[in-house]
Amino acid sequence: MEKNSETILLCVLEILEHIKCVENNVLELSKKSMLNINSFIAESNIEINESIVESLQYQDIITQQLSATIDAIESIDKSIKIYLHNLRQDSDIFSDSLEKLQKRLNQSLQNAKDKKNAFSGGAFNEDNEESVEFF
Amino acid sequence: MPLVVFVDDSETALASTKIATKDLPIEIAQYLSAIDALKDIKSKAIVPELIITDLNMPVMNGLEFLKELRQIDDTKKTPVLMLTTETKQELKEQGKALGLTGWIVKPFNPAQLQAAIKRVLRV
Numbered sequence: 096m097e098k099n100s101e102t103i104l105l106c107v108l109e110i111l112e113h114i115k116c117v118e119n120n121v122l123e124l125s126k127k128s129m130l131n132i133n134s135f136i137a138e139s140n141i142e143i144n145e146s147i148v149e150s151l152q153y154q155d156i157i158t159q160q161l162s163a164t165i166d167a168i169e170s171i172d173k174s175i176k177i178y179l180h181n182l183r184q185d186s187d188i189f190s191d192s193l194e195k196l197q198k199r200l201n202q203s204l205q206n207a208k209d210k211k212n213a214f215s216g217g218a219f220n221e222d223n224e225e226s227v228e229f230f
Numbered sequence: 002m003p004l005v006v007f008v009d010d011s012e013t014a015l016a017s018t019k020i021a022t023k024d025l026p027i028e029i030a031q032y033l034s035a036i037d038a039l040k041d042i043k044s045k046a047i048v049p050e051l052i053i054t055d056l057n058m059p060v061m062n063g064l065e066f067l068k069e070l071r072q073i074d075d076t077k078k079t080p081v082l083m084l085t086t087e088t089k090q091e092l093k094e095q096g097k098a099l100g101l102t103g104w105i106v107k108p109f110n111p112a113q114l115q116a117a118i119k120r121v122l123r124v
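Protein sequence lines, in the order shown, are assigned to chains A and B.
Just so we're aligned: 102 in the working numbering is position 7 of the first sequence, and the numbers increase by one with no gaps anywhere.
Just so we're aligned: 83 in the working numbering is position 82 of the second sequence, and the numbers increase by one with no gaps anywhere.
Dumping the calculated DSS-like pairs for lysine-lysine here, alpha-carbon to alpha-carbon at most 30 Å: (1) B:Lys89 <-> A:Lys211; (2) B:Lys93 <-> A:Lys208; (3) A:Lys210 <-> B:Lys19; (4) A:Lys127 <-> B:Lys23; (5) B:Lys89 <-> A:Lys210; (6) B:Lys119 <-> B:Lys97.
Beta-carbon label-pair distances, calculated as ranges: (7) B:Lys119 <-> A:Ala137: 17 to 27 Å; (8) A:Lys176 <-> B:Leu4: 47 to 57 Å; (9) B:Lys119 <-> A:Asn119: 33 to 43 Å.
It should be emphasised that the hints constitute simulated quantities derived from the structure, not laboratory data.
Virtual Cβ for every residue (Gly too), placed ideally from N, Cα, C.
All chains should be modelled from the sequences, with the hints used to inform the complete structure.
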């Protein structure tokens, strides 16, 4: 049972590492692409409308969203590695460690969800009229 | 022309603000970190009339930056706008308590950003 769970978790770690690698590549390409477009706009002096300026900012939001999921992956990765380490040390604490792992994973998920909300801004809000507030 | 300082750890976000404000009668200085902006402010290399900063930044976030600015004589009363994806009331309250001038949610509408700058600088 413990050996099976270890094999599965090692496989999960590899999948997470792969997802993180893809996300980092996407982040890099997205940034390069947007900087090139921004330079072109700035140098060519062309007229751009409001929706284009708003669209240019989506790259920043994409970056923050992907960075938040990478943080979540790293946190899950760390929790699984701690669990595997504990399991190898003492297989008798299997259920106790599993409970701790579950708590850590739930916490990682909650943190990721909080960051998703914090980093969305008005990007998914069609009615973003009240985006400026003075105190 | 009044100097407006933009601080954001995202190069693309800074590029967007530059494009959005190119028609305004202002000078712009951009920084990828609050630490670097603070360094130039403390050394009097720049004297901004308005500071527009992101909130979520590594090392020093926008609220910590604001707190530091309020400790410096030259920027004690300089208007500061937070330009961020965050919309939490709790964070706005923290900003208000530190003397924040206003809050702009990303992605910003260029006309709204320009209007906010004009309102603060009266240009």
